[in-house]
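Visitor: Each chain, letter by letter, is given below.
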Amino acid sequence: MANELDKIEVKPARRQFLRGAAALASVALAPGLLLYQARPAGANVDSGVRWGLLIDANALSEDDVDACVSACQREHGWRAEDGSATDAQWVRKVKLRDRASGHTRFLPVMCQHCEHPPCVDVCPTGASFKRADGIVLVNKHTCIGCRYCMMACPYKARSFIHEVLKDQLPVAPRGKGTVESCTLCVHRVDRDGADAVPACAEAVNRAGRQAIWFGDLNDPASGISQALREFGATRLRADMGLNPGVGYRGL
Amino acid sequence: MRSWLLVLLFCCSGIATAGESSGFGQIAIPSPVKPTTADSCVEPVEVMRREHMHFLLHQRDETVIDGDRGSRHSLTGCMDCHNPATAEPVVRYEDPEHFCAECHAYTGVKIDCFECHADRGLEQTGQSRRDDQPAWRAERNRLTAMSLQQRLEHSRGE
Amino acid sequence: MAATQRYAEIRSRSPGYWGVLLLLAGLALVGFAAAHHMDVEGHHVTGMNNQVVWGLPHVFAIFLIVAASGALNLASLSSVFGRAAYKPLARFSAVLAVALLVGGLAILLLDLGRPDRLIVAMTHYNFKSIFAWNILLYSGFIGIVVVYLWLMMERRMQAFSKPAGVAALIWRLVLTTGTGSIFGFLVAREAYDTAILAPLFIVMSFAFGLALFALLLGFSFRFDGRELDQSHVERLRRLLGLFVAGIFYFVLVFHLTKLYGTQNHPFERFILTDGGTYTLLFWLVQIGLGNLLPLAICFMPAFAGSARALFAACLLVIAGAFAQLYIIIIGGQAFPLNIFPGYEVESSFFDGVIADYAPSIWELLLGLGGVAAALLLALLALRVLPILPEGLPAESD
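Chains as they are written, first to last, in this note's numbering: chain A, 549 to 799; chain B, 28 to 185; chain C, 2 to 398.
Treat the hints with care, since some could be wrong.
Restricting the straight-line Cα-Cα distance to at most 27 Å, the calculated cross-link-like pairs of lysine-lysine (BS3-like) are [unchecked claim]:
1. A:K678 - B:K61
2. B:K137 - A:K714
3. A:K678 - C:K88
4. C:K88 - C:K163
5. B:K137 - B:K61
Far from chain B by the CB rule (all over 12 Å, computed), these chain A residues [what the hints assert, rightly or not]:
6. A605
7. R645
8. T690
9. R739
10. R754
Simulated from the structure, these hints should not be mistaken for lab results.
None of these values were measured; they are calculated from a predicted model.
Idealized CB from N, CA, C, for every residue including glycine.
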């Protein structure tokens with residue numbers, strides 16, 4: 549077999565590999581037993597930024613909000629499984645009617661990417677975490693499916709996967725027995741940085757009409773910071789002091 | 028203590044290798060199909076055989092927590108070559124001829140990667156992978172052009 | 002009281018005794034099979050959903066965990082507070098505490114979305130999570146009580162059983178505080194977000210644990226033909242009455258506090274008047290059958306010393322316990338989050354509406370299986386170890 553050739557070639561090389569690994573400050577007891585490898589520098593997440601969204605409720609029609617939801621579904625591959633209360637919804641259309649005036653509007657509601665996320669506080673394994681750049685995620689490798697984060701979230705932003713899934717998309721691994729929520733299109737953010745456009749924003753922003761801003765809340769020159777200065781924004785459940793990264797204009 | 032452990036492990040791997048070459052019973056030794064799209068893997072075959080799980084385990088935290096999506100040790104990268112979107116017929120992890128399933132069935136190692144991850148390369152919907160040349164792909168092409176010795180130097184120097 | 006208390010294994014060979022053991026073993030197996038089904042199919046086979054994320058298994062699990070802490074009552078009373086009359090029951094008290102906790106934890110574990118990742122829960126700790134604290138509190142409780150039990154049973158070590166008893170008492174109070182705080186710390190939900198849940202859970206633990214303890218004691222004594230004197234029954238009856246009165250008091254304060262603030266009126270209306278099943282469960286089962294009736298049984302002179310009355314009260318307390326935990330856990334989630342105060346809300350994700358929840362047979366079987374496993378464990382311990390006193394005759398003094 550071709551294996552034989554590989555073996556002959558690699559035998560001296562294996563020792564070199566080990567020596568190389570030791571130089572990498574790895575703890576290797578034996579080939580195949582690598583306990584710890586030093587983390588190389590150059591990770592993407594920049595702790596100096598804080599990503600956020602500004603959603604302009606005045607600019608969004610009911611159809612626009614529907615478009616946000618479908619764009620998110622296409623992007624991440626979630627969908628109605630059987631139309632029941634067990635379906636995942638990363639972003640949902642909420643219809644609000646002012647009790648006093650009867651005024652009605654539609655909002656997309658998703659994970660609010662809090663600065664002090666209760667879901668992160670309560671998670672027993674630390675699977676629910678906030679990235680250095682402010683994006684709140686579930687690390688599905690360590691999520692045990694206890695759902696305590698869903699109990700703790702004030703925005704009902706999280707879903708539990710109730711069934712076996714097939715044909716997940718490469719950018720959005722998701723599977724039975726773990727919790728998930730809006731990732732702020734983190735795969736786009738990691739690729740495009742400040743130029744990233746989350747799928748929901750992409751679906752509704754048009755030339756000359758910006759309905760959803762994405763950007764760095766820490767950068768006073770970013771489009772979102774300028775828009776926030778100009779319009780102001782309402783944070784959902786601001787009374788809880790969680791400082792969400794998502795703001796709403798016109799609420 | 029540590030040297031004893033090393034000796035023990037080497038003995039074990041020796042026994043395992045001996046078993047492989049003599050062929051216990053009639054079980055066919057897996058020989059997963061190598062992709063034709065690249066001359067070589069991101070690491071030497073022997074290194075991949077032994078270390079792929081560590082590469083993937085290490086890399087998964089880098090991606091999920093640190094947002095490093097250009098790694099050449101990415102599961103998506105494995106699938107893009109070893110079970111590409113264009114493969115006909117479509118092979119799933121449940122099929123015995125799936126690139127990962129073949130050896131994992133042979134060694135009796137159960138993995139749950141594909142309960143969540145795509146078990147084949149898929150072109151993304153929408154515009155999520157707009158560039159045709161993501162970082163890992165460029166990296167792989169560069170590696171392909173290297174000799175084995177160069178690649179090992181590269182692994183060490185990283 | 003006799004100078005030396007003698008203990009003995011259960012020796013019953015009666016078909017009734019073995020029948021009960023077999024039934025419990027069968028139920029435990031069926032519960033395990035149900036959990037396996039849930040694990041393979043996913044939680045869509047349960048009644049739980051994205052609104053009511055914790056369901057019937059959690060009602061059973063928290064009942065057992067809370068009762069486990071309370072089951073240690075009599076051991077604490079004898080070791081820590083020097084009540085010699087309870088000393089013969091201290092061993093069983095400790096055994097039952099461990100068994101109930103194991104049963105409750107088994108349910109919680111098997112209900113996880115990824116029960117196969119138990120090792121992750123054991124190796125990744127987020128020390129800000131009350132849930133993670135509880136993992137440590139529960140394992141620590143089992144360890145401490147096992148040591149405590151050994152110190153009580155080993156004649157040479159009995160001197161050390163008091164400090165162990167004090168440690169166990171403190172530990173279990175912290176543990177139940179932790180369990181109540183799983184809910185009490187949920188600031189976003191109107192049903193929770195209150196410190197009173199911690200002491201409420203502690204007093205609930207006293208009553209639920211004692212009720213289970215008395216029932217199992219009665220069962221084992223009866224099948225083994227051991228003597229249970231009226232004086233002991235009477236003591237347990239009064240103790241149970243005291244604990245039930247405690248529950249009633251804390252529930253009263255809980256609802257009065259909520260009723261005082263206008264913002265909580267919708268929630269109180271939901272539980273007290275408009276909640277359908279929840280309202281019915283609250284008034285009829287929790288308050289009526291679970292509190293008032295047992296109170297009557299425990300304090301009316303007519304039932305003094307009646308074992309039958311005590312066991313009836315215990316059963317009622319347990320029925321009330323399930324109703325109460327169902328309302329706290331499921332009712333608390335069914336009531337919608339108030340994300341947009343002042344607005345009428347409508348969405349595809351059940352915003353602004355009372356969530357539906359109908360438990361499925363799998364959840365019920367898992368819950369019952371856990372209870373059965375706990376009871377089986379306790380009864381088997383009684384069979385192989387000299388845990389129970391040979392009899393509790395009338396006291397000589």
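Visitor: Could you run down the list of hints and mark each one as holding or not?
Guide: Verification of the supplied hints:
1. Simply put, A:K678 and B:K61 have alpha-carbon atoms about 39 Å apart, too far for the 27 Å limit, and the pair is violated.
2. For the proposed pair B:K137 and A:K714, the alpha carbon gap of about 18 Å is at most 27 Å, so the pair holds.
3. Of the pairs offered as hints, the one joining A:K678 and C:K88 is violated, with about 52 Å between alpha carbons and a cut-off of 27 Å exceeded.
4. Restraint check: the Cα-Cα separation between C:K88 and C:K163 comes to about 12 Å, which is no more than 27 Å; the hinted pair holds.
5. For a cut-off of 27 Å, the pair hint linking B:K137 to B:K61 stands: about 22 Å separates their Cα positions.
6. Non-interface call for A:A605 relative to chain B: holds, since the shortest CB-CB distance, roughly 25 Å, exceeds 12 Å.
7. Remark: the non-interface label on A:R645 is consistent with the geometry, its nearest Cβ contact in chain B lying 33 Å away (cut-off 12 Å).
8. With a cut of 12 Å on Cβ distances, A:T690 falls inside the contact zone with chain B, its closest approach being about 9 Å.
9. Distance to chain B contradicts A:R739 as a non-interface residue, since its nearest Cβ pair spans about 6 Å, not more than 12 Å.
10. Every CB of chain B lies more than 12 Å from the CB of A:R754, the least distance being 16 Å, so the non-interface label holds.
The structure shown violates the earlier hints numbered 1, 3, 8 and 9.
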